[in-house]
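Q: Note that the protein sequences, when read in sequence, are chains V and B. Be aware that the first sequence starts at 1, since it is given in my numbering, and climbs by one per residue. Be aware that the second sequence starts at 1, since it is given in my numbering, and climbs by one per residue.
If you are wondering where the hints come from, they were derived from the structure by calculation, not from laboratory data. From the three backbone atoms N, C-alpha and C, an ideal C-beta is built for every residue, glycine too. Accuracy of the hints is not assured; some may be wrong.
As the list claims (entries may be wrong) - Covered stretches of chain V, as calculated for chain B (at least 3 residues, CB under 8 Å):
#, segment
1, 9-19
2, 69-78
What the hints assert, rightly or not - To list a few chain V residues with every Cβ distance to chain B over 10 Å, as calculated:
#, residue
3, 1
4, 2
5, 5
6, 24
7, 30
8, 44
9, 57
10, 63
11, 64
What the hints assert, rightly or not - For the chain B half of the interface with chain V, some residues (derived, Cβ under 7 Å), not all of them:
#, residue
12, 13
13, 195
14, 337
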Amino acid sequence: MEEVNVTGAVCPKPVLIVRRCLQELEPGDELLVTGDYPPAERNLRRTCYKHGFGVTTGPDDSSDAFQLRIRVSEESALEEDA
Amino acid sequence: MTTDTPRLTEYAAVHGCSCKVGQGELSSLLAEGGLDESGDGDELLFGVGEDASAMAVTEELALVTTIDYFTPIIDDPYDFGRVAACNATSDAFVKGGVDNVNALVVLGLPREIRDAAGEILRGLVDAIEGMNGVVSGGHTVLNPWPIAGAAVTATGAQDELLTTRAVSPGDRLYLTKPLGTQPAMGALRVRDGEFTETVRNAASRPVDAVGTEALAWMTTPNRGAAEAALDAGVTAGTDVTGFGLVGHARTLATNAGVGIELSHLPVIAGTEPLSELFGYGLADGESAETSGGLLLAVPERRATALEAAFEERAVFYRCIGRATDGSGVALDPTIEPVQR
């Protein structure tokens, strides 16, 4: 499973970083995202929901950090950003 | 500051009104502190649960009191001060406290950029004086995240005050600024080259132009909108800030025991694709707003008078929905890009 850590990245960077990672993955792949502040988690979950990615809470989710496991499927799609 | 100095917004992980704690967390906190039940009564006309508190000080007059401060939404310290002043006074204005505006500045800065304090303060003072208010003091501390704002008092007629409880089914809802400050300012923070092109390609307008317009809206005081509301006899309203349009509409719905239907969202032109890129939820009314407009509820029979009062003062307005006899907030909007 691919992993990315967006801890310390100032909004809106966490979502931009994760989008770029997801665009490089294939259906069936998973991305584990670790981050440290709640608005980034909300924005990531919203992005996943809008674009058909599966998202569940990762194993190391805690009060000081969040972890999301994002699944790429045949249905999920992010247009190329650049 | 030299170009090597980190920008003001880089000192904080969350910016402007998005640094508010969430609605659920705030409710729990109030319950923990024993503040979840209304303490209204006698001289206190209203308090917890409203944008500001109001206390009767004479037979006719109420003293409206509020405090609001937040992290930088913009790098220019003077502009940060202006936005902070407009945001802090808005809570008093929307409750009907528009006269005798008196502000005590709240300021906190990291040690290494405390030179910026003078400019932030100048922005605050200029903005408050522009609202015929006075800055009468304040408190400044060293703090890891920059913060600026004010404790504000103002007066209003007791029988003209606005609350979030006075919405009735059938009322029309008006919004007095377009939405989209968060994606507009977020785009300005992406300046390090790595994602600049991504943002530029996603944007439908130059991000600097979008940012300039957002700043103009954030530094527009809500006093004119509040005066128009008072003129037209509006008795229900709140302002739109960190909880986003839907969050603040939900406050109206809950406190008044009505449903809210939102059918039209005016947004700063160019902010919708940026919001989509950043996952901010603008088209769903979920994007945090900084120094946003007033959300006013008015009975149908007073709507024409309210629109006339807005126009007399050159205040932006859109009718964005209505109150129903249901509950909660329903959203199925047309989206209107607005350019200043």
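Q: For each hint, tell me whether it holds in the structure or not.
A: Checked hints:
1. Coverage of a stretch by a chain is defined here by at least three residues with a beta carbon nearer than 8 Å to that chain's beta carbons; for the segment 9-19 of chain V and chain B the count is 7, and the condition holds.
2. For the segment 69-78 of chain V, the stated coverage by chain B is violated: 0 residues have a C-beta nearer than 8 Å to a C-beta of that chain, whereas at least 3 were required.
3. With a least beta-carbon separation of about 22 Å from chain B, residue 1 of chain V lies farther than 10 Å from that chain, consistent with its non-interface assignment.
4. Once the 10 Å rule is applied to beta carbons, residue 2 of chain V is consistent with being away from chain B; the minimum gap is 19 Å.
5. No Cβ of chain B approaches the Cβ of residue 5 of chain V within 10 Å, the least distance being about 15 Å, so the stated non-interface status holds.
6. At roughly 14 Å from the closest C-beta of chain B, the C-beta of residue 24 of chain V stays outside 10 Å, upholding its exclusion from the interface.
7. At roughly 19 Å, the least C-beta separation between residue 30 of chain V and chain B is larger than 10 Å, which holds for a residue marked as non-interface.
8. Look at residue 44 of chain V: its CB is around 6 Å from the nearest CB on chain B, not clear of 10 Å, so calling it non-interface is violated.
9. The Cβ of residue 57 of chain V lies farther than 10 Å from every Cβ of chain B, with a closest approach of about 17 Å, so its non-interface assignment holds.
10. Once the 10 Å rule is applied to beta carbons, residue 63 of chain V is consistent with being away from chain B; the minimum gap is 12 Å.
11. Against the 10 Å criterion, residue 64 of chain V stays outside the reach of chain B, whose nearest CB is about 13 Å from its own CB.
12. Proximity of residue 13 of chain B to chain V holds as hinted, the smallest CB-CB distance being about 5 Å (cut-off 7 Å).
13. Among the interface hints, the one on residue 195 of chain B holds; its C-beta lies about 5 Å from the nearest C-beta in chain V, closer than the 7 Å criterion.
14. For residue 337 of chain B, the interface hint is violated, the least distance from its beta-carbon to any beta-carbon of chain V being 20 Å, above 7 Å.
The structure fails to meet hints 2, 8 and 14 from the earlier list, while all remaining hints are met.
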